[in-house]
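From just these sequences and the hints, can you work out the full model?
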Amino acid sequence: MLAILLTVLFDGLAYGMLLFLISIGLSVTMGMMGFVNLAHGAFAMFGGYVATTLMQRAGVPFLVTLPVAFAVVALASIVVERLLYQRLYRRGPLDQVLFTVGLTFMSVAGITWFYGPSQQPVVLPAFLQGQVNLLGLEVGIFRLFLVAVGLLVAAAVVLGVERTRFGAKIRAAVDNPVMATGLGINVGGVFALTFAIGSGLAGLGGALGIQILGLTPAFPLKYLVLFLIVVSVGGLGSVGGALLAACVVGVIDMMTKYFLPEIGSFIIYAVMVALLMWRPHGLLGKKS
Amino acid sequence: MSIALTTTGLSKNYGALQVTRAVNFSLPMGARHALIGPNGAGKTTFINLLTGTVPATSGSITLLGEDITGQRPDQRVKRGLARTFQVTSLFPELTPMQSVTLAVCERLGLTARWYKRTGEHRAALDEAAEILAQLRLGHVGHLLTRTLPYGQQRIVEVAVALALRPRVLLLDEPAAGIPSGESAELFEVIAELPEDISLLFIEHDMHLVSRFASRVTVLVAGGILAEGTPAEIMANPEVRTVYLGNSEGHA
Numbered sequence: 238m239l240a241i242l243l244t245v246l247f248d249g250l251a252y253g254m255l256l257f258l259i260s261i262g263l264s265v266t267m268g269m270m271g272f273v274n275l276a277h278g279a280f281a282m283f284g285g286y287v288a289t290t291l292m293q294r295a296g297v298p299f300l301v302t303l304p305v306a307f308a309v310v311a312l313a314s315i316v317v318e319r320l321l322y323q324r325l326y327r328r329g330p331l332d333q334v335l336f337t338v339g340l341t342f343m344s345v346a347g348i349t350w351f352y353g354p355s356q357q358p359v360v361l362p363a364f365l366q367g368q369v370n371l372l373g374l375e376v377g378i379f380r381l382f383l384v385a386v387g388l389l390v391a392a393a394v395v396l397g398v399e400r401t402r403f404g405a406k407i408r409a410a411v412d413n414p415v416m417a418t419g420l421g422i423n424v425g426g427v428f429a430l431t432f433a434i435g436s437g438l439a440g441l442g443g444a445l446g447i448q449i450l451g452l453t454p455a456f457p458l459k460y461l462v463l464f465l466i467v468v469s470v471g472g473l474g475s476v477g478g479a480l481l482a483a484c485v486v487g488v489i490d491m492m493t494k495y496f497l498p499e500i501g502s503f504i505i506y507a508v509m510v511a512l513l514m515w516r517p518h519g520l521l522g523k524k525s
Numbered sequence: 002m003s004i005a006l007t008t009t010g011l012s013k014n015y016g017a018l019q020v021t022r023a024v025n026f027s028l029p030m031g032a033r034h035a036l037i038g039p040n041g042a043g044k045t046t047f048i049n050l051l052t053g054t055v056p057a058t059s060g061s062i063t064l065l066g067e068d069i070t071g072q073r074p075d076q077r078v079k080r081g082l083a084r085t086f087q088v089t090s091l092f093p094e095l096t097p098m099q100s101v102t103l104a105v106c107e108r109l110g111l112t113a114r115w116y117k118r119t120g121e122h123r124a125a126l127d128e129a130a131e132i133l134a135q136l137r138l139g140h141v142g143h144l145l146t147r148t149l150p151y152g153q154q155r156i157v158e159v160a161v162a163l164a165l166r167p168r169v170l171l172l173d174e175p176a177a178g179i180p181s182g183e184s185a186e187l188f189e190v191i192a193e194l195p196e197d198i199s200l201l202f203i204e205h206d207m208h209l210v211s212r213f214a215s216r217v218t219v220l221v222a223g224g225i226l227a228e229g230t231p232a233e234i235m236a237n238p239e240v241r242t243v244y245l246g247n248s249e250g251h252a
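From first to last, the protein sequence lines are chains D and E. Letter by letter, the first sequence follows residues 238 to 525 of this note's numbering. Letter by letter, the second sequence follows residues 2 to 252 of this note's numbering.
Keep in mind the hints are simulated off the structure, nothing from the lab. Computed from a prediction, not measured in an experiment: that's the story for all the values here. Some clues are possibly wrong.
Claimed, not checked - Anything over 10 Å on all C-beta distances counts as not near chain D; from chain E, calculated:
#1 T9
#2 P39
#3 G60
#4 Q76
#5 L91
Said to hold, decoys possible - Simulated restraints on C-beta separations:
#6 G16/E / L321/D: 22 to 30 Å
#7 H143/E / G296/D: 55 to 63 Å
#8 R123/E / L372/D: 13 to 21 Å
#9 G139/E / V301/D: 50 to 58 Å
#10 A23/E / V510/D: 38 to 46 Å
#11 G271/D / G71/E: 54 to 62 Å
#12 T242/E / G271/D: 58 to 66 Å
#13 H143/E / R516/D: 25 to 33 Å
#14 A308/D / N25/E: 36 to 44 Å
Beta carbons: idealized from backbone N, C-alpha and C, even for Gly.
Set out below in structure tokens:
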């Protein structure tokens, strides 16, 4: 029984890492730039389709598709940001919500047109398949890989924001955009690049999550609520908070699906409500 | 080249509302120039047009001989135009030392090596410390900006602006909101600004204007009403009418 519990726990962690990779960009754009991008899930889905397309049509190895998915989605998001989103920064949240929800439905329809509504298959390379014995616990190698990638990205994002000059520019631009411009910082450029990195990470998460999350055109709608839960429970703009919240959400969702499939997702929403009543600004969010 | 900044026919409309009307203005090198006018005269809008925070509807702006009308605010900063704000605009969660260092790094283009730490550049840190010491902020350089008294926060703004080594410095009501007991330090700082910096400042208090400015421009309803020395302006009957005959000179 304990072994099953631990295995489910670990699967939940791996699932949480995927949620983290996808949600961190949303947390940054919502928390730092104050932009409500409900089409964020579509960027993740796009990453997934880039990866499957490369694997199926061109025989590109899985690991190679990951950085490509990151780069393609990041570049595409710059185009979207400069062309569309930039015009909405000064508008109210309702305009942003309506616009990005519309964009999400367009992406769902567009992907269905090109790829059909069915689930995309993925074949993992042999060395990522099977189980490995970790301290007496049988865990999936791929899930171990997901946890490692998630932690690496979390560390890179924290170090990047806290310890680099580009990170200092981001923090300055977020803290006071007018003043940052007064220093000669190109705030629009900094935001575009930050947005691109966040979207790229969503694309990476989408590509990594094909097997566990499943990849269909409904992806952005199916998981949007979970991404939003991670962002709000973690605290807007908080990297550590998003990581913690993603793990909590992943583990609880996995546990309830495994042990209480009848009420399944009810528990996760109940926990979210309770957490937000306890800490309205999220687990690690700053009071505003 | 004796003119630092010129505007030609500079105008700003919000729909049918004209907030800046064909302003022809020039700021000589090393000037100490005050911009005065009643509330709503468009003084801050004029400064915002100069810095590029607000795009001009028509007309042009020339900085050190270069047309900057189409440039972004950050590009104008890089060409030597710095400002402070009417309501202090700072990084509340950073210390003055960090804010000034960031400005020095940005000016030197050090942020191009984005992966480095901000505090890793010895020369930038030294320069920031020197600026803070000059402005008598050395002893509070390590405190969070939001914890400083308002008067000192305004001096931090000047410190950040100086770190950009501006050729033209725009001060938007530098003394606004400072309790009178705290303002003396700020005025010493302004009096001691390097002479090669051309200074344009918005100020309401005519005593301060006569103390610091050698020339004054009066802005009314978005257009220039009069220009001259502080004494000429105070004697100008039109200006006095605008200020409702307030002979105390306090607008």
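So, going through the hints one by one against the coordinates:
| no. | hint | verdict |
| --- | --- | --- |
| 1 | T9 | holds (24 Å) |
| 2 | P39 | holds (25 Å) |
| 3 | G60 | holds (22 Å) |
| 4 | Q76 | violated (8 Å) |
| 5 | L91 | violated (6 Å) |
| 6 | G16/E / L321/D: 22 to 30 Å | holds (25 Å) |
| 7 | H143/E / G296/D: 55 to 63 Å | holds (58 Å) |
| 8 | R123/E / L372/D: 13 to 21 Å | violated (47 Å) |
| 9 | G139/E / V301/D: 50 to 58 Å | holds (54 Å) |
| 10 | A23/E / V510/D: 38 to 46 Å | violated (59 Å) |
| 11 | G271/D / G71/E: 54 to 62 Å | violated (27 Å) |
| 12 | T242/E / G271/D: 58 to 66 Å | violated (46 Å) |
| 13 | H143/E / R516/D: 25 to 33 Å | holds (31 Å) |
| 14 | A308/D / N25/E: 36 to 44 Å | violated (51 Å) |
Consistency note: the structure conflicts with the earlier hints numbered 4, 5, 8, 10, 11, 12 and 14.
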